[in-house]
Amino acid sequence: MARITAGIATSHVPAIGAAIDLGKTKDLYWAPVFQGYEFVKEWIKDHTPDVIILAYNDHASALMMDIVPTFAIGFADEFQSADEGWGRRPVPVVKNHIDLAAHIAEQLVIDEFDITLINEMDVDHGLTVPLSLVFGQPEEWPCKVIPLVVNVSQFPTPSGERCWKLGEAIRDAVKSFPEGLDVQVWGTGGMSHQLHGTRAGLINEEFDRKFIDLLAHEPEELKYITRLEYLRETGTEGIELIMWLIMRAALGYGVEEKKRFYRVPASNTAVGHVVYEAKS
Amino acid sequence: MPRKRLYPLEDLEDIPGTKVFTARRSRQGYYLHKFCMSLMKAENREEFKADERAYLDKFKMTEEQKQGVLDRDLGKLIDLGGNMYFLVKLASTDGLSAQKAVSTTSGMSAEEYAQMMLEGGRSPEGIRSIRDKN
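Listed in order, the protein sequences are those of chains B and P. For the first sequence, my numbering gives the first residue as 1, with consecutive numbering after it. For the second sequence, my numbering gives the first residue as 1, with consecutive numbering after it.
Just chain P, same shape as in the assembly (with noise of 0.2 Å):
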């Protein structure tokens, strides 16, 4: 039977500067995902602490995760499969606010971002598509 669609698939991608979270990223960044997870719990915070590497290294992670962890780059754990909703487990364990880790991810300074926030906001203008530029 053919399929009805309301868009094609495709057009997920064609969001300027986004990674919609599909079921394959999720799969791309389960392990990662398992590493977040675990800092839901105070004493896994504190082992991760004192030792990240070692931590780090229980965890099926890809070295490229494992590296994008250590060097907080939120916005490559994003391309690695990451989701910001567990990625935000990792900036609590560090003491940071959620804006100040996604302004990590948008090339902007957090003081740059938060100033934007407070003057309303990112237009969505020129950014909803990158086909049609608009």
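Isolated chain B (complex conformation) (with noise of 0.2 Å):
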């Protein structure tokens, strides 16, 4: 039977893709971002799994204009990285579990989540990114990967308990996946920021550094905090961390917490990291 054996959770900027693309990583402003992700990469090497479910939000790359699926899965056999209009970022192009991704699918509509499938689509930033800060600029990506898309950023957006339901479902269906997986489930985005108008730039680093000293181990509360209060407290686009808490709610009960990582500023956002891995 599949396992979901550890996740991670990371933010996904932009600027942090150029500077892995440019070389910019040793520089005196990303040094110190980059320097949270040692630990990741190394233990990645011992960890890498069979498949990843990499829930992301699309930044008006392939989705948002004509289509704006609350929760979608990406189910192209490949995806390449998409021109955000500076042209493609220099990755491997992204490879899909169909059978797990298929098996996914159907037994998030017997839970109840009506789940849309995409059948084509260029995967931007959100996921290519963590991709990049886990696992370096290899070759290839050394596993699988099924695109989860979630909308955080046309209202309205999924609440922070549906994401946790959600994660749970996951949960409950790679269980149930009958071939000995080894699957990973990583949360996307965040921490705070806001990235228009008169409060662009807001920071909470208070908020972040509970919303870390809570989800290992205390997670139910998050559960609870309204997409208004993600809005007013963590930015505009600092509600990208309901996604968090679907990988959270898919590691089930107990996890053990392996590394967690917070730093000002990367471009417009803080930067938040954790790697857990699964008790159950």
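Keep in mind that the hints were calculated from the coordinates and are not lab data. One or more of the hints may lead you astray.
To be verified - Okay, derived cross-link-like pairs now, DMTMM-like style, lysine to aspartate or glutamate, Cα gap no bigger than 20 Å in a straight line:
| id | chain 1 | residue 1 | chain 2 | residue 2 |
| --- | --- | --- | --- | --- |
| 1 | B | 279 | B | 256 |
| 2 | P | 34 | B | 120 |
| 3 | P | 133 | B | 233 |
| 4 | B | 258 | B | 233 |
| 5 | B | 95 | B | 77 |
| 6 | B | 210 | P | 125 |
| 7 | P | 34 | B | 83 |
| 8 | B | 41 | B | 140 |
| 9 | P | 49 | B | 213 |
| 10 | P | 41 | B | 66 |
| 11 | P | 34 | B | 122 |
| 12 | P | 41 | B | 233 |
| 13 | P | 60 | B | 66 |
| 14 | P | 58 | B | 66 |
| 15 | P | 41 | B | 182 |
| 16 | P | 41 | B | 83 |
| 17 | P | 4 | B | 229 |
To be verified - To give a feel for the contact side, a few chain B residues facing chain P, derived at Cβ under 10 Å:
| id | residue |
| --- | --- |
| 18 | 13 |
| 19 | 82 |
| 20 | 84 |
| 21 | 177 |
| 22 | 203 |
| 23 | 209 |
| 24 | 236 |
Ideal Cβ positions, reconstructed from N, Cα and C, are used throughout, including at glycine.
Please assemble the complex out of the two chains, which come individually in their own frames, going by the hints.
See the structure below:
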């Protein structure tokens, strides 16, 4: 049977991807950010899964305009990196695990998540920057990736509580997949940031640190943070943190925290990152 | 059936200096966003740069939105239904970083904004709610 063995959360700031692609990771500005990922780059060598279910939001690259699904699963065989206005990131093509993706879609509908399937799309920095942060710059990504796209940009977005339940449903779905796969779930985005107006540049370190404090062992109260509270406290884009809840719920009751990291700033954003191993 | 809400919908408009990107705003910005997403292709970026006005006229945007693009007034474009994830394609076409693009909507200079971020960003104190002034 397949098993969810670990989870990673990380911000997915586009400038981080640019820093990697342009060889600036040792620069004065960027070095302290990348230092926070030294642990996971070592850890992943012994913990490379067969498949990552990667929760991210599309930044008006494939979705958001003509079609705005609340929850969607990438269902193409493979996904190219999107041209977001400055050319495609020079990263490997992302390869899907269709059998597991199909199984999860089928199981989620049983659990009343009427998931959208996407047969063709490019994936943007929301998905590729986390892969680069963890795996560096390989010729090919070392595992399959199932893109799980969450609408966190256009209201109404799903609630944090709904995302939590989706994570639980993904856990149940993976556990019932007959093949013995090692699966990780990654939640990306956040932490606090706002990208427009007189509140642009908003950072709420107190909120962010409390979120990380509670996520591993006392995540219950995080489930009930409302969308309005995310907007007020963490900025209009800080609500991406609901995707961390998908990851945490998918890991089940007990986790071992292997790493936590927090750093301000990367471009407009507070960078947060955790690594959890599942206990059950 | 009466609906239970966790907060009144109007509260989404109660955040200082903030336009929450609602479905209605998405509709208002739709053709502006069509233009922005067209810039995801190199040949379209070239065509736009060669004659901005002519390129914009291919889209069903309002005159105000077109002028906002020509002026690179991202703050105005957000007032007209724009969302930063789309507008960043325009900024990228100009070779501007996301941080610089965002700073132009903040009322601060790019340098002041960058310095604020280096110093830990903007505190949420006093700018959570227009009504509660907290």
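Checked hints:
Of the pairs offered as hints, the one joining residue 279 of chain B and residue 256 of chain B holds, with about 7 Å between alpha carbons and a cut-off of 20 Å not exceeded. Restraint check for residue 34 of chain P and residue 120 of chain B: satisfied, since their Cα atoms lie roughly 19 Å apart, inside the 20 Å limit. Among the hinted pairs, residue 133 of chain P with residue 233 of chain B is consistent with the structure: their alpha-carbon atoms are about 14 Å apart, no more than 20 Å. A threshold of 20 Å between alpha carbons decides the hint, and for residue 258 of chain B with residue 233 of chain B the separation of about 27 Å lies outside it, so the pair is violated.
At roughly 6 Å between alpha-carbon atoms, residue 95 of chain B and residue 77 of chain B fall within 20 Å of each other, so this suggested pair holds. Distance check on the hinted pair: residue 210 of chain B and residue 125 of chain P sit about 17 Å apart at the alpha-carbon level, within 20 Å; holds. A hinted pair counts as satisfied when its Cα atoms are at most 20 Å apart, and residue 34 of chain P with residue 83 of chain B qualifies at roughly 15 Å. Note on residue 41 of chain B and residue 140 of chain B: the hinted pairing holds, with a Cα-Cα distance of about 16 Å set against a maximum of 20 Å.
Restraint check: the Cα-Cα separation between residue 49 of chain P and residue 213 of chain B comes to about 48 Å, which exceeds 20 Å; the hinted pair is violated. Between residue 41 of chain P and residue 66 of chain B, the direct Cα distance comes to roughly 17 Å. Compliance with the 20 Å bound is thereby established for this hinted pair. Restraint check for residue 34 of chain P and residue 122 of chain B: the C-alpha separation of about 17 Å stays at or below 20 Å, so the hint holds. Between residue 41 of chain P and residue 233 of chain B, the direct Cα distance comes to roughly 36 Å. Violation of the 20 Å bound is thereby established for this hinted pair.
Note on residue 60 of chain P and residue 66 of chain B: the hinted pairing holds, with a Cα-Cα distance of about 15 Å set against a maximum of 20 Å. Distance check on the hinted pair: residue 58 of chain P and residue 66 of chain B sit about 18 Å apart at the alpha-carbon level, within 20 Å; holds. For the suggested pair residue 41 of chain P and residue 182 of chain B, the alpha carbons sit about 38 Å apart, so the restraint of at most 20 Å is broken. Proposed proximity of residue 41 of chain P and residue 83 of chain B is supported: the alpha carbons are some 7 Å apart, at most 20 Å.
A threshold of 20 Å between alpha carbons decides the hint, and for residue 4 of chain P with residue 229 of chain B the separation of about 17 Å falls inside it, so the pair holds. A cut of 10 Å between beta carbons decides the hint on residue 13 of chain B: the least distance to chain P is about 8 Å, and the hint holds. Hint on residue 82 of chain B holds. Least Cβ distance to chain P is approximately 7 Å, under the 10 Å limit. The criterion of a C-beta within 10 Å of any C-beta in chain P is met by residue 84 of chain B, whose closest approach is roughly 6 Å, and the hint holds.
Interface hint status for residue 177 of chain B: violated, as the beta-carbon distance to the closest one in chain P is roughly 34 Å, over 10 Å. Checking residue 203 of chain B against chain P by beta carbon gives a least distance of about 3 Å; that is within 10 Å, so the hint holds. Checking residue 209 of chain B against chain P: minimum C-beta separation of about 12 Å lies over 10 Å; hint violated. Of the supplied interface hints, the one on residue 236 of chain B holds, with its beta-carbon coming within about 6 Å of a beta-carbon of chain P, less than 10 Å.
The earlier numbered hints that this structure contradicts are 4, 9, 12, 15, 21, 23.
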